[in-house]
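Make a model of the complete structure from these sequences and hints.
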Amino acid sequence: MRPLTDDETKVLFEKLAKYIGRNIVHLIDRPDEPYCFRLQKDRVYYVREDIMRKATAVGRRNLVALGVCFGKFTKTGKFRMHITALPYLAQYAKYKVWIKPNGEMPFLYGNHVVKAHIGRVTEDIPEHQGVIVYNMADVPLGFGVSARSTVDMRKVDPTGITVFHQADNGEYLREEDTLF
Amino acid sequence: MGRRSKNKQDVPLPLELDQKIDGKVTKRLNDRLKYEAIRTRKQQESAQRATAQRAGGNARQKPAANAAGPAPSTNGKRKAPAVSKPQKKAKAAAKPAAESENESESDVEMAALDAPDDGWDKAVLESDSEGDADSFDGLDSDDEEAAASSEGAGDSDAEDEEVKQMPLSLLGDDSGSDDSDAGGGMESYDELDTDSDGDEEDGVTFRDMEKRSRRLDAAREEDEELARMELDEAEEVVEGERELFELPSAEQVEVEKDAPLDLSQVQLRIQEVIRVLNNFAQLRDEDKSRNDYMDQLKRDMCFYYGYNDFLMDKLLQLFTVSEAVEFFEANEVARPVTVRTNTLKARRRELAQALINRGVNLDPIGKWTKVGLTVFDSPVPIGATPEYMAGQYMIQAAASFLPVVSLAPQENEKVLDMSAAPGGKTTYCAALMKNTGLVVANDASRERSRALVANIHRLGVSNALVCNYDGREFPKVMGGFDRVLLDAPCSGTGVISKDASVKTNKGPEDFEMLTRLQKELILSAIDSVNADSPTGGYIVYSTCSVTVDEDEAVVDYALSKRPNVKLVNTELEFGRPGFTSFRGKSFHNSLSLTRRFYPHTHNMDGFFVAKFKKLSNKIQAADNTFVVPTGCGVKIKQKKKRAQ
Numbered sequence: 001m002r003p004l005t006d007d008e009t010k011v012l013f014e015k016l017a018k019y020i021g022r023n024i025v026h027l028i029d030r031p032d033e034p035y036c037f038r039l040q041k042d043r044v045y046y047v048r049e050d051i052m053r054k055a056t057a058v059g060r061r062n063l064v065a066l067g068v069c070f071g072k073f074t075k076t077g078k079f080r081m082h083i084t085a086l087p088y089l090a091q092y093a094k095y096k097v098w099i100k101p102n103g104e105m106p107f108l109y110g111n112h113v114v115k116a117h118i119g120r121v122t123e124d125i126p127e128h129q130g131v132i133v134y135n136m137a138d139v140p141l142g143f144g145v146s147a148r149s150t151v152d153m154r155k156v157d158p159t160g161i162t163v164f165h166q167a168d169n170g171e172y173l174r175e176e177d178t179l180f
Numbered sequence: 001m002g003r004r005s006k007n008k009q010d011v012p013l014p015l016e017l018d019q020k021i022d023g024k025v026t027k028r029l030n031d032r033l034k035y036e037a038i039r040t041r042k043q044q045e046s047a048q049r050a051t052a053q054r055a056g057g058n059a060r061q062k063p064a065a066n067a068a069g070p071a072p073s074t075n076g077k078r079k080a081p082a083v084s085k086p087q088k089k090a091k092a093a094a095k096p097a098a099e100s101e102n103e104s105e106s107d108v109e110m111a112a113l114d115a116p117d118d119g120w121d122k123a124v125l126e127s128d129s130e131g132d133a134d135s136f137d138g139l140d141s142d143d144e145e146a147a148a149s150s151e152g153a154g155d156s157d158a159e160d161e162e163v164k165q166m167p168l169s170l171l172g173d174d175s176g177s178d179d180s181d182a183g184g185g186m187e188s189y190d191e192l193d194t195d196s197d198g199d200e201e202d203g204v205t206f207r208d209m210e211k212r213s214r215r216l217d218a219a220r221e222e223d224e225e226l227a228r229m230e231l232d233e234a235e236e237v238v239e240g241e242r243e244l245f246e247l248p249s250a251e252q253v254e255v256e257k258d259a260p261l262d263l264s265q266v267q268l269r270i271q272e273v274i275r276v277l278n279n280f281a282q283l284r285d286e287d288k289s290r291n292d293y294m295d296q297l298k299r300d301m302c303f304y305y306g307y308n309d310f311l312m313d314k315l316l317q318l319f320t321v322s323e324a325v326e327f328f329e330a331n332e333v334a335r336p337v338t339v340r341t342n343t344l345k346a347r348r349r350e351l352a353q354a355l356i357n358r359g360v361n362l363d364p365i366g367k368w369t370k371v372g373l374t375v376f377d378s379p380v381p382i383g384a385t386p387e388y389m390a391g392q393y394m395i396q397a398a399a400s401f402l403p404v405v406s407l408a409p410q411e412n413e414k415v416l417d418m419s420a421a422p423g424g425k426t427t428y429c430a431a432l433m434k435n436t437g438l439v440v441a442n443d444a445s446r447e448r449s450r451a452l453v454a455n456i457h458r459l460g461v462s463n464a465l466v467c468n469y470d471g472r473e474f475p476k477v478m479g480g481f482d483r484v485l486l487d488a489p490c491s492g493t494g495v496i497s498k499d500a501s502v503k504t505n506k507g508p509e510d511f512e513m514l515t516r517l518q519k520e521l522i523l524s525a526i527d528s529v530n531a532d533s534p535t536g537g538y539i540v541y542s543t544c545s546v547t548v549d550e551d552e553a554v555v556d557y558a559l560s561k562r563p564n565v566k567l568v569n570t571e572l573e574f575g576r577p578g579f580t581s582f583r584g585k586s587f588h589n590s591l592s593l594t595r596r597f598y599p600h601t602h603n604m605d606g607f608f609v610a611k612f613k614k615l616s617n618k619i620q621a622a623d624n625t626f627v628v629p630t631g632c633g634v635k636i637k638q639k640k641k642r643a644q
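For the record, the sequence lines run as chains X and G.
Just so you know, we're using the UniProt record's numbering here: the first sequence kicks off at 1 and counts up by one.
Just so you know, we're using the UniProt record's numbering here: the second sequence kicks off at 1 and counts up by one.
Don't read these hints as lab results, they were simulated from the structure.
Incorrect hints may have been included.
[Claimed, not checked] The list that follows gives simulated cross-link-like pairs (lysine-lysine, DSBU-like), each with its CA atoms no further than 35 angstroms apart:
no.	chain 1	residue 1	chain 2	residue 2
1	G	Lys434	X	Lys15
2	G	Lys345	X	Lys78
3	X	Lys54	G	Lys561
4	X	Lys54	X	Lys100
5	X	Lys100	G	Lys370
6	G	Lys434	X	Lys41
Below, the structure is given as structure tokens:
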């Protein structure tokens, strides 16, 4: 377990900014307690500082996880967001898409979001921006990248893809072996 | 139900039939009577149209009116018990009885089917249907029968033939509206009718047929008699009032080893032995000791339920014999699926509503928990709903709520879950602490800790620290916890309904290994707690096993080794108190504060919960010095290093 290097921090924050924009500040400067990012075996964990301090007592080999895993660094140095970061992304999300009940299961099985399934959309989503996907009851389901801007979405035919799938809650079941 | 209620309304049996068939009307018989009645009626109607209109005018309507009066009232009352009674017997008694009935009946039916070829269809029908009644009633001659029926019908004026057939025609007449559910059988009869209509004049073989059918009746009666005897015998054995039960001899036991009896016989013997054991003074065989009976019972139960001898011994020591059987039976039935609402993400009412909208049938578990729901049935897999994936609930056995309820972690505390995977209890702790403080989730298995991490993340727990140590290392890795939950690895005798392999694969060496491990773990757990904690200082020890070796014995060991802890009330409202003495061993008195849970009494997995309070961090050694114990003293790290 170690703090992130500057490069790593930069890559991570660039990625995070796609989903929550300037709200990253709220992750770092929390009013309640100080939180920090820590790297442990290529995974990035977002954890309260006092927990982090206590975790120093645990050997590197024996430490499995702490706090909330945001994702992992690939071997090429890119950062991959995991579904486990969803609670925080959903909390500070800039761009949101709400999908209708009939689109819930297709999305949770790993499919892209098609126009017909969209119930509501935030205005002014640009193309290729990170969006958080909710169901109509405001429960976050996953996240992805917008395939089109909001304006263009209106013009697409009902089967056209509007949000590319990146991660969804179904991965807790599908990817349990590789995710953790 | 539907059929019966229908019958009540519109198929009153004619009086005389009702009298003949006292009590023993099976549904099958009833149906047959109906079918045959319909058949005869059809034949008759053609004949009657010719004869009856000429002679009696409305002879057919008169008896109908007669019978309609008294019949329905008696009928309704009589039929209900008659239908239910055979079912009960069939349960208690042997299939052979039913089979023989089937055979005999089908014989008769065959004859009936053959009849048209020979000619006189009516005769067969008549005697046949009487035969049915006869066999129950003991009446033999057709003449008597005819007389009785004519009296019963109260129709003296009409012609002989008509009188004879009247009751049946009545029945048929009334059941007219019931035809729709008579189904295929009736249709086939109808076909027969059309055939036989042409042959009706041909009455030469009438006598023959009558004889034949009587013979059939006799054979049938014999069968019935046999079946009844068999039934009675079976009942006698079940009731066991009259016959003294005898244990099988040593030779028999030897024989059975090679060629085991079938299960129903063994079950019967188990019941017998239990009955004897429960009333030993009166029912015993003077030459046999209680141990002989117990040995036989053990052998039979091992065979019947599939346990190994060792485990059977262990479990029989825990319970009285009849309770043990309940326990074993409960182990054959799956416990209800229960889920725990994740209060970090959802409220129980909203979750219940969401699941109900998916067609799930559920109910709160009980008054003792505010987060549990029992799922009765679900059209969707309960472990793959969007709510589950969103982390709103966790599938968790009701029993594994208990240690956490007892531990009652408070906000901002530092809590250790020593063997945490797959994380049901850990996440419950975190939920109770509202994601404040720290939950250290430890599990010795790396594979299982994967599932633990997955569950922790899915349920949105952010105050957890997951590590992968042998629990016995604990106060050295990290200490000073406010509360420690030790859900010790165990033999799993409480969860046999979930994992039946326990029945056979646990031997004495497993128990020895497990109990030693548990004793070491409990010392580590106790030493990891900070007694000076302002809010805590508690240790909860739980197992999903019901054996005393893994429960009370371990707790008693901990009490003797660590005088700085005492048992406190588990704060669980139900469950049985733990044993304070067991088979000559006596434990500390305070062990009555621990709680045991059984599958057969609480309908949850077998479980044991003990709660300690740590009084001081130091214990007094022999030479008046104070030491702070650090675990059980097992050196695991070095072993590990050598292994790597």
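Against the structure, the hints come out as follows:
1. Lys434/G with Lys15/X: 29 angstroms, holds
2. Lys345/G with Lys78/X: Given pair Lys345/G, Lys78/X holds - Cα atoms ~31 angstroms apart, limit 35 angstroms.
3. Lys54/X with Lys561/G: Distance ~29 angstroms between Lys54/X and Lys561/G Cα, so the pair holds.
4. Lys54/X with Lys100/X: The hint is violated at about 44 angstroms.
5. Lys100/X with Lys370/G: The hint holds at about 31 angstroms.
6. Lys434/G with Lys41/X: Judged against 35 angstroms, a Cα distance of about 28 angstroms means the pair holds.
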